[in-house]
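Could you put the whole structure together from the sequences, leaning on the hints where they help?
Residue numbering for the sequence shown follows this note's numbering, starting at 1000 and increasing by one per position.
Among the clues, some could well be false.
Unchecked claim - Mimicking DMTMM-like on lysine to aspartate or glutamate, the simulated pairs with C-alpha atoms at most 25 angstroms apart in a straight line are: (1) Lys1083 / Asp1161; (2) Lys1283 / Asp1161; (3) Lys1172 / Glu1184; (4) Lys1166 / Glu1288; (5) Lys1166 / Glu1107; (6) Lys1083 / Asp1190.
I should point out that these hints are in silico values taken from the structure, not numbers from a laboratory.
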Amino acid sequence: MNRLFFLCLALASGAAQAQTFGQWFYGNTEFRSNAAWVLGRSMQGGIDTLTADCSPQGAMFTFEPMQSLPTDQEGDVFFNFPGKSLRMRAQFETAVAEPGWTGPLTAELAEQLSRHSSVTVAAPHNGLTEFRLRGSRAMLSNVLAECGPGQLPAAQARLSRDFVFGKIAQACKGSYAPDPGAVVESDLDGDGAFDYIIHWGMIQCTAPSYVGMRRGAGFCGAAMCTSDVWTSSTFTPSGFAQGILNVGLEVWPDGGPYPMRSTALRQTCPNGTCIENWGWTGTKFAPVE
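In structure tokens, the structure reads:
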């Protein structure tokens, strides 16, 4: 969409502005055909645009900040909904009529945009922009009906519940029985996306073919078990979790001083028990003195 057109449309009058911001539209623009779009305000007071249209790879989103970038680059765009955050890999292109961050409009992203009343979008170097989502379901349905949802390339796989439970199934050679709370989902590294903790001491391997100590899938000793921490900001499908040996590992509530606190048994600790707070260094968790 032509940014000058939208600026004029949005600023024509107070009444028109109230009707335009947060209302999804569908149609043709100067540079796009059969597109859906909505205007939003950035934290810096700018007017940004979120667009959905078709490509040979299926539906795509484009987040167009008023503040453009000087060079092409790749990065993560976060869509923050109430209680859920999606991280989408995107490309910023400058040599196009409407520079912005473009990535696949997956079925999951389209569903979240359709069911919520607002979303806050964050992209590298662009801060936060809030978009209201009135009429999003109908407008996005028009785009999806034309070309179907976009697909994430295999190389862009991200940390998910399916991946984590797949790791448990792999360790247990198939079936397993988790206790309530065996897998914890929380944003631990502060990137706006969910991270995961597997408490192996709360998992029982049940596959007939499994050989070994069924409790903990081999991650438990006589007194303590390992908790595996998977963080979204460092995740690669071929990477490894950070293991923390403990008799108890809890996540601080939102706003707590540290992401996690653990209890461990060691002869070097007072009364044989150590309580450690864990802080995020940017690449891993480390005890905080």
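Hint numbers contradicted by this structure
Result: hint 4 breaks, nothing else.
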